[in-house]
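A.B. asks: Here the protein sequences line up with chains A and B, keeping their order.
At position 182 of the first sequence (counting the first as 1) the number is 460 in our numbering, and the numbers step up by one without a gap.
At position 209 of the second sequence (counting the first as 1) the number is 1548 in our numbering, and the numbers step up by one without a gap.
Worth flagging that the hints you see were computed from the coordinates, not collected in a lab.
Check before you lean on any hint, since a few could be wrong.
Below, computed lysine-lysine pairings styled on DSSO-like, alpha-carbon distance capped at 30 Å [unchecked claim]:
(1) A:Lys484 / B:Lys1525
(2) A:Lys355 / B:Lys1566
(3) B:Lys1558 / A:Lys403
(4) B:Lys1554 / A:Lys402
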Amino acid sequence: MTVEEKMAVLADAAKYDASCSSSGSNRKGATGATLPSGCCHSWTPDGRCVSLLKILLSNVCIYDCAYCINRCGNDVKRATFAVDEVINLTAEFYRRNYIEGLFLSSAVFVSPDHTMEQMMQVAKKLREEKHFGGYIHLKAIPGASMELIDQAGRYADRVSVNIELPSSASLSLLAPEKKKGDIIRPMAYIGEHWKQAQIERRKNRKAPRFAPAGQSTQMIIGATPESDKHILDLSQNLYDSYSLKRVYFSAYMPVNKHEARLPLLPMPPLLREHRLYQADWLLRMYKFKAHEILNDNEPNLDPQLDPKAGWALRNFHQFPVEINTADYGWLLRVPGIGVLSAKRIISARRTGRLDFSHLRRIGVVLKRAQYFITCSGKFHAGLRSSAAAVRQALILKDKPTAQAKQLQLF
Amino acid sequence: MELEYQYDGSPDGVLCAIADAIKRKEKPAAIVGPQHEGLLFADRIHAVQTDEARADEVIGYFRKKGSKEAARNLVYCLAGPFETMELELLAYYRMGLKLGRSVDRHHADEVVHAVHQAARNVGREIHRFKGLLRFRRLEDGLYWAPFEPDHDIISALAPHFRARLADQRWMLHDLRRQRAVVWDGKRLYAELEPEKLLKGNPVADEEVGVQQLWKTFFKSVTIEGRKNPSLQARCMPLRYWRWLPEMEQT
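Here chain A stands alone, though its shape is the one from the complex:
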């Protein structure tokens, strides 16, 4: 099989991995360096960015997970890269500025340890022989030994373990060979060592790195019956307990047509995925807690309204917020004010009182924010409204629902 044929098989097999991030690391080698902000190099026709050479080392699998195209029961073309082939591809692509680095995952061939060992070799050789300073993201294989996970963390910028499904019941139904413990153990190990390395490096600049860009995970949405509340609670828990940087959601794509354990969906639930990402943003950037966004009475996100607006309308009695005096935390809770504009408001109001024309310049989305704020005690153009009326107005202005086809945020 030529390298190009392998590429076709193993890039295709890797495409459902949602992560594309190349941010959070600051490294430099003889060839290659990383940008703390990350960098996108291209965008495919599905609108997702290409930042890393995202491939599987192999799609030969000993497991039979129901949702996976590469499960051993499927009759698909199989291929396995040699370690040096991956290294050369990464180097040649990097020299031409096609990519920020490598994202290497794999099906489990021979054994978890064997697979992880091969993947780790790729990272090790890139760093030690090629002196490669670009970004490397390695997927940890559930069931691999902790020594291998540890080495992976030494060479990679990010190591991630896929949690695959939102509950252990779903996991044992759809991926019976993967055990919850095999997923959680490396996750806890990486979280712990990442934290330690961070502390060490603060004391000593030369202390060894351990996955400096942190870890992430991914789960499939819509293949199993878990509610949005369950998924958000789980995400919150992962952020808190294992210091995860990101939780990725992947709208379920029915790749195995005759699988009785899985639902038949005409379309992947992209809008639901979008709403979950919006809620995830609230957890990570806006200091929300999962229980504020959803509760047992309302276990699912409103498809018509973004979760921040939803929260603001449920708590309409706590508004309006006075722009000239509110603290940062409250500014962040106003629909139409993002992290950047909240920071700008804080610094701009030190130079003078702000009114609505100033807010527009600052970048506040007034068509959303106007119902929730006052400037020097005044509403925008004397506007006053009830929660129900505001809800109607916001829904009309929320483009995704009107088109129901967006899928941003990769």
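Given chain A, work out where chain B should sit, using these hints.
C.D. replies: Chain B in isolation, oriented as in the chain A frame:
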């Protein structure tokens, strides 16, 4: 008393106009280059002399008196369409001298906002091309990166690539402005005759194969069930596609 400054239309010219206005304590009603109409009734016209060394001093002084960020905003603005905002740049400069680093806190101010917006547009294109620039290996081993940016960003990009591609010779080549920057393995310099390096130096044989692999990757990693070409075009504007191997029609 309507005062008009005339300069040669270059970025250095704007900086010298700013220096003149500060030094002479004047408030020109217009600062215009040769491409633009001046005032209808100018009482007095001052011709600005462009001087590169002096222009550098203007930036250096601003870095010291204002801040590093403010100086960078000014430089970025001058890489973009600055020919309609000379007066704003002068006002921003004056504010920076007076307020120091806190000038950039004035997000609600019209002048600061205009400068920030213009600088942000240029900054965005710089970041975009850190990703979208594509090198091609030529027969003699030079990696050639042709591109057609909206703004004059080549000198802002060069240090980024020196940091990551130091062990290969390369040339960034802005085809719109016919400007080029070369890294020869030791030194970064402006190449005044980029064609000379390209003449009799076709694309290397291996290049076709590597581009083919990249195209295969690009095609395979696309999820057909999530097609969204408008999102793709929004993230990666069509005008940049010409030099991207993966967007070539096959």
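A.B. asks: Confirm or reject each hint.
C.D. replies: Hint-by-hint comparison with the structure:
Between A:Lys484 and B:Lys1525 the alpha-carbon distance is near 27 Å, which keeps this suggested pair within the 30 Å criterion. Restraint check: the Cα-Cα separation between A:Lys355 and B:Lys1566 comes to about 24 Å, which is no more than 30 Å; the hinted pair holds. Proximity of B:Lys1558 to A:Lys403 is assessed by CA-CA distance (about 28 Å); at most 30 Å being required, the pair is judged to hold. With a CA separation close to 27 Å, the supplied pair B:Lys1554 and A:Lys402 stays within the 30 Å bound.
Consistency note: the structure conflicts with none of the earlier hints.
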